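Turn these sequences into a full structure, and let the hints guide you.
The numbering used here applies: residue 2 is where the sequence shown begins, and numbers increase by one.
Certain hints may be false.
As the list claims (entries may be wrong) - Below, simulated PhoX-like cross-link-like pairs (lysine-lysine); rule was C-alpha separation at most 25 Å, straight line: (1) Lys91 to Lys36; (2) Lys304 to Lys161; (3) Lys329 to Lys15; (4) Lys333 to Lys304; (5) Lys268 to Lys130; (6) Lys181 to Lys161; (7) Lys333 to Lys26; (8) Lys130 to Lys50; (9) Lys48 to Lys161; (10) Lys161 to Lys311; (11) Lys251 to Lys27; (12) Lys23 to Lys304; (13) Lys26 to Lys268; (14) Lys311 to Lys333; (15) Lys91 to Lys232; (16) Lys15 to Lys36.
If you are wondering where the hints come from, they were derived from the structure by calculation, not from laboratory data.
Treat the numbers as computed from the prediction; the structure is a model and nothing was measured.
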Amino acid sequence: MKSHQNIVKEKDEKMRAAQMQKYSKKVQVELNDVKIPEINSQEVLVKVKAAGVNPLDILILNGSIRMISDYDLPLTLGNELSGVIEAVGKDVENFHVGDHIYTRLPVNQIGAFAEYAVVNEDAISIMPKNLSFIEAAAVPLTALTAYQALNDVLNAQPNKKLFIPGGTGGFGAMAIPIAKSMGLYVITSGSERGRSRTLSIGADRFINYHEENYANILFDLDYVIDTLGAKEIKAELGILKPQGKLVSLKAVPNYRFAVENNFPVWKKLLFGLVGARVDSLARKHKNEYHFLFVQANGSQLQKITNLVEKENITPSIDSIYNFNDINKALIKVSTGHSQGKVIVTF
Numbered sequence: 002m003k004s005h006q007n008i009v010k011e012k013d014e015k016m017r018a019a020q021m022q023k024y025s026k027k028v029q030v031e032l033n034d035v036k037i038p039e040i041n042s043q044e045v046l047v048k049v050k051a052a053g054v055n056p057l058d059i060l061i062l063n064g065s066i067r068m069i070s071d072y073d074l075p076l077t078l079g080n081e082l083s084g085v086i087e088a089v090g091k092d093v094e095n096f097h098v099g100d101h102i103y104t105r106l107p108v109n110q111i112g113a114f115a116e117y118a119v120v121n122e123d124a125i126s127i128m129p130k131n132l133s134f135i136e137a138a139a140v141p142l143t144a145l146t147a148y149q150a151l152n153d154v155l156n157a158q159p160n161k162k163l164f165i166p167g168g169t170g171g172f173g174a175m176a177i178p179i180a181k182s183m184g185l186y187v188i189t190s191g192s193e194r195g196r197s198r199t200l201s202i203g204a205d206r207f208i209n210y211h212e213e214n215y216a217n218i219l220f221d222l223d224y225v226i227d228t229l230g231a232k233e234i235k236a237e238l239g240i241l242k243p244q245g246k247l248v249s250l251k252a253v254p255n256y257r258f259a260v261e262n263n264f265p266v267w268k269k270l271l272f273g274l275v276g277a278r279v280d281s282l283a284r285k286h287k288n289e290y291h292f293l294f295v296q297a298n299g300s301q302l303q304k305i306t307n308l309v310e311k312e313n314i315t316p317s318i319d320s321i322y323n324f325n326d327i328n329k330a331l332i333k334v335s336t337g338h339s340q341g342k343v344i345v346t347f
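Encoded structure:
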């Protein structure tokens, strides 16, 4: 029964939202009272319980991804959340008032750092039953990134070898079990304190980067998911076999990325220039270089939910902040010192 009319908030009712007023290197947002957004026929209104704070939020704040997505300001930040559905649009079929959901919000419609969020039903999934709201808010962005890297970009095949450098943090906590569920042999690197957790969630081999350099001991791999950025690309390409594939979450977008995202011609040319060096390195090694910017996808998130429940996967959480302390949470993420996900709760 869709009782959406009687639950929709009064027009002009206010909520608190963490907003950026301008692009800035300073890591700071304002807590403002803004109107609760209205839903259209395909959307749901979610009362936000928890939201994940990510390096992506810092990149949006400082203008680093304006070429990929340029936002109207002021902008409510926040890319992933968990919460309870308070209202559903008249054409929403698969979700109901009271459902516990989680989501990576669509790139052009972010806003998780607020008491309420509006999201299209095709971007949400029912939350895994084995996770709390705080744990669930730590999952969508990293899990979808891992799933899209492995499934959509690499088209990863069973029994192939995958390397995830720096796989001991929040990304690895999701990527390793997802890769194992696809039948891959997974190697990762990190500091010694991450070894036991990484092996316990399924990694086949762990390299302590303080003691060994992966570039000297790994060779003939099928896939690499780069989490470290441009400075590592040359070494990562060097450990792939011919026709091996590298997907970067951190380095530079290239022409292929612009084409896959249907960007206008001028952006294709620009990204072609930006990515020219890594593309030519990849060609030299007879490899493929891809760049990934994670998209919202409710049906993929539902598959992740099933896997999280089946394998009892729990995300790695670093710290939890109250919404009033959103700036402290953002600063924590911007320093790069968090071991796992930083969460704000409402």
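Hint check results:
no.: 1; hint: Lys91 to Lys36; result: holds (21 Å)
no.: 2; hint: Lys304 to Lys161; result: holds (22 Å)
no.: 3; hint: Lys329 to Lys15; result: holds (24 Å)
no.: 4; hint: Lys333 to Lys304; result: violated (31 Å)
no.: 5; hint: Lys268 to Lys130; result: violated (42 Å)
no.: 6; hint: Lys181 to Lys161; result: holds (11 Å)
no.: 7; hint: Lys333 to Lys26; result: holds (15 Å)
no.: 8; hint: Lys130 to Lys50; result: holds (15 Å)
no.: 9; hint: Lys48 to Lys161; result: violated (42 Å)
no.: 10; hint: Lys161 to Lys311; result: holds (23 Å)
no.: 11; hint: Lys251 to Lys27; result: holds (21 Å)
no.: 12; hint: Lys23 to Lys304; result: violated (37 Å)
no.: 13; hint: Lys26 to Lys268; result: holds (24 Å)
no.: 14; hint: Lys311 to Lys333; result: violated (32 Å)
no.: 15; hint: Lys91 to Lys232; result: violated (50 Å)
no.: 16; hint: Lys15 to Lys36; result: holds (5 Å)
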